[in-house]
Amino acid sequence: MAPAKEILKLATPNMTAVPSCFDQQGMGELGFRGTAVYRTYFGRGNDSSWERQHVRLQFQACSFYCRIFVDGIEIEHHLAGGYVAFHRDVPAPAKHDDEPRKLFVLADNRFNATTAPLHTGGDFWHFGGLMRSVELHAMPAPAATPWVWRAYVLPTTNAPYSAVDISVVLTNTSWSNFPHAVTFTLAFDGGAPSNHTASVSAGVASLLDVQVPDARVWSTTAPNLHSVAVGLEGGAVIERFGLRSFGVDQARLTVNEKVLKLVGYNHHTQWPGQGPTARTFVTASPTDAQMDEDIALLKMGGTNYVRGAHYPQDPRWLDRLDEAGMLMWCETLGPGVSVQNTKDPAWVQLQLTQLDEMLENALNHTAILTWGWFNEGPSANNGSCPAYKAMADRARVRDPTRFQTWADSQKDKGMCYEHATLIAYNDYPGWYTCEGDLSCPERSWDKYASSVATGQTKSGPAATIGKPFVISETGAGGIYEWDANTTDAKWTLKYQTEIVTRDVDVAIANSNISGITIWHFFDFKVDDAQENNTACQYIPDMFPPNCSYINITSRPGGVNHKGVVDFWRRPKPAYQLVAAKYNATSKQR
Numbered sequence: 002m003a004p005a006k007e008i009l010k011l012a013t014p015n016m017t018a019v020p021s022c023f024d025q026q027g028m029g030e031l032g033f034r035g036t037a038v039y040r041t042y043f044g045r046g047n048d049s050s051w052e053r054q055h056v057r058l059q060f061q062a063c064s065f066y067c068r069i070f071v072d073g074i075e076i077e078h079h080l081a082g083g084y085v086a087f088h089r090d091v092p093a094p095a096k097h098d099d100e101p102r103k104l105f106v107l108a109d110n111r112f113n114a115t116t117a118p119l120h121t122g123g124d125f126w127h128f129g130g131l132m133r134s135v136e137l138h139a140m141p142a143p144a145a146t147p148w149v150w151r152a153y154v155l156p157t158t159n160a161p162y163s164a165v166d167i168s169v170v171l172t173n174t175s176w177s178n179f180p181h182a183v184t185f186t187l188a189f190d191g192g193a194p195s196n197h198t199a200s201v202s203a204g205v206a207s208l209l210d211v212q213v214p215d216a217r218v219w220s221t222t223a224p225n226l227h228s229v230a231v232g233l234e235g236g237a238v239i240e241r242f243g244l245r246s247f248g249v250d251q252a253r254l255t256v257n258e259k260v261l262k263l264v265g266y267n268h269h270t271q272w273p274g275q276g277p278t279a280r281t282f283v284t285a286s287p288t289d290a291q292m293d294e295d296i297a298l299l300k301m302g303g304t305n306y307v308r309g310a311h312y313p314q315d316p317r318w319l320d321r322l323d324e325a326g327m328l329m330w331c332e333t334l335g336p337g338v339s340v341q342n343t344k345d346p347a348w349v350q351l352q353l354t355q356l357d358e359m360l361e362n363a364l365n366h367t368a369i370l371t372w373g374w375f376n377e378g379p380s381a382n383n384g385s386c387p388a389y390k391a392m393a394d395r396a397r398v399r400d401p402t403r404f405q406t407w408a409d410s411q412k413d414k415g416m417c418y419e420h421a422t423l424i425a426y427n428d429y430p431g432w433y434t435c436e437g438d439l440s441c442p443e444r445s446w447d448k449y450a451s452s453v454a455t456g457q458t459k460s461g462p463a464a465t466i467g468k469p470f471v472i473s474e475t476g477a478g479g480i481y482e483w484d485a486n487t488t489d490a491k492w493t494l495k496y497q498t499e500i501v502t503r504d505v506d507v508a509i510a511n512s513n514i515s516g517i518t519i520w521h522f523f524d525f526k527v528d529d530a531q532e533n534n535t536a537c538q539y540i541p542d543m544f545p546p547n548c549s550y551i552n553i554t555s556r557p558g559g560v561n562h563k564g565v566v567d568f569w570r571r572p573k574p575a576y577q578l579v580a581a582k583y584n585a586t587s588k589q590r
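2 is the number of the first residue of the sequence shown in the working numbering; add one for each residue after it.
Read the hints as simulated data drawn from the structure, not as lab findings. One or more hints might be untrue.
[Said to hold, decoys possible] Here are the simulated DSSO-like cross-link-like pairs (lysine-lysine), alpha carbons at most 27 Å apart as the crow flies:
| no. | residue 1 | residue 2 |
| --- | --- | --- |
| 1 | K582 | K491 |
| 2 | K459 | K412 |
| 3 | K414 | K459 |
| 4 | K582 | K259 |
| 5 | K459 | K344 |
| 6 | K582 | K300 |
| 7 | K300 | K495 |
| 8 | K459 | K390 |
| 9 | K495 | K459 |
| 10 | K459 | K448 |
| 11 | K390 | K414 |
| 12 | K448 | K414 |
| 13 | K495 | K582 |
Hey, can you work out the whole structure from these sequences and the hints?
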């Protein structure tokens with residue numbers, strides 16, 4: 002059920018900024034579910050410049066269901082999830098007149114198995130619209146020699162600290178007029194270009210074992226980054242990358258061949274809206290300053306590891322993690338996946354498409370440690386394992402330098418772990434189970450870590466022995482305003498602190514646990530079912546808002562209160578205590 006909303010007439014449209022979300026609303030208030038249409042113009046019919054003739058449109062996100070029209074002709078309907086980037090080429094104009102070209106986008110944010118098959122649920126608000134950037138790229142004419150579109154740069158297997166393999170993707174992958182060998186130019190870090198020759202097949206050329214001049218290693222404590230300009234026929238693209246390696250030492254995760262305890266948080270893309278009328282709203286389209294603030298809070302909190310829950314991430318956010326030296330778990334949209342989904346070939350193919358698009362957009366981000374999918378999926382059903390395998394195989398072929406994983410709530414009952422290279426469990430001991438028992442976190446996580454290490458899961462010994470194990474979700478809720486309770490009743494900040502610090506203690510102390518990402522970094526807006534008329538009673542004329550009364554339900558006030566800071570980024574007691582533990586642990590040895 003959508004709230005009452007005036008239907009806009011296309012003849013008298015309002016202006017909106019992009020990126021933005023068209024369903025912004027406050028906590029506990031049901032946002033709009035329906036369709037939004039966007040219209041803008043570029044170029045002119047009699048303009049011979051690139052912006053009129055041959056262009057590529059790239060959408061960093063269009064959510065949920067997206068249809069794209071140029072000059073009244075549909076060029077795309079995107080079904081592979083509203084949080085992933087994709088691009089489409091725009092055909093040359095049919096008329097050479099003085100009229101500008103018209104771009105028309107329809108975005109539908111309603112849950113629907115036909116138009117939004119990958120939006121299968123999840124305990125967070127799924128935002129709608131053009132919530133990330135839309136970009137217009139120059140393209141050569143189809144009959145002309147292609148340009149370089151992207152260059153994917155990964156450390157080589159044998160020399161990851163000094164050499165890279167570069168996969169050059171051209172703008173026209175069907176071009177077949179190249180000679181046997183093509184010469185590309187490479188210029189590292191703004192230096193002089195050098196020539197490198199390779200053959201082109203299906204629009205892709207591979208330059209292997211390329212030495213990086215003055216190579217500097219990327220790490221969590223020294224996040225050194227390089228750039229390379231890859232040129233062809235006078236044009237070039239510049240890509241940024243880092244030199245590092247991920248591995249395993251006796252079932253412990255390593256970064257640059259050194260065991261590193263991963264400590265950090267899950268992080269949704271939700272921030273307060275901008276401007277005086279929207280500042281109490283929730284948006285998935287942050288400003289640069291808002292992202293910088295979160296990075297600063299994470300850094301002060303000792304974080305070296307962030308899980309991007311539960312969808313592909315904004316490249317602006319990934320840039321910041323690269324620069325901050327924070328490792329990243331990046332996953333496809335997929336909470337609420339059913340057994341039926343995993344057995345549906347069409348649905349699995351859309352997930353594979355989403356995975357391809359996620360990797361294409363994020364592959365060069367050095368901080369990404371893991372590719373993931375199917376959060377809390379049906380891994381206890383052996384019939385679902387082929388879908389897990391399909392995702393893992395696709396990611397491994399495209400990128401053998403990183404881990405493949407998923408956050409599994411089935412824990413020891415999971416049957417698909419043979420397809421993961423990193424084992425990850427979601428559980429909330431002391432919150433959803435054994436409430437009030439402060440020994441439960443240590444007891445539970447020690448047991449789970451032992452099960453993985455000794456091969457006692459339903460997947461069998463070979464599926465987990467020798468693989469690193471991480472806690473992908475754990476924690477407890479704490480209402481920001483409930484700070485003065487003398488007892489540790491559920492929902493008090495006192496009880497939250499007791500549970501969360503014990504989760505952290507066992508993760509740090511147990512050598513069979515390679516890392517932990519607490520759920521969650523901040524309080525956030527939850528799903529539609531929990532939002533309707535559940536807002537707390539706010540104290541008048543106070544900002545950030547404070548609740549004077551809140552109804553204690555599973556999601557009080559339409560908010561998941563498991564953050565160590567509240568939605569407005571005000572720290573709770575758990576933040577400082579966890580920060581002290583993380584800062585003492587997160588330095589790379």
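| said: Tell me the numbers of any earlier hints that the structure contravenes, in ascending order. | reply: 9
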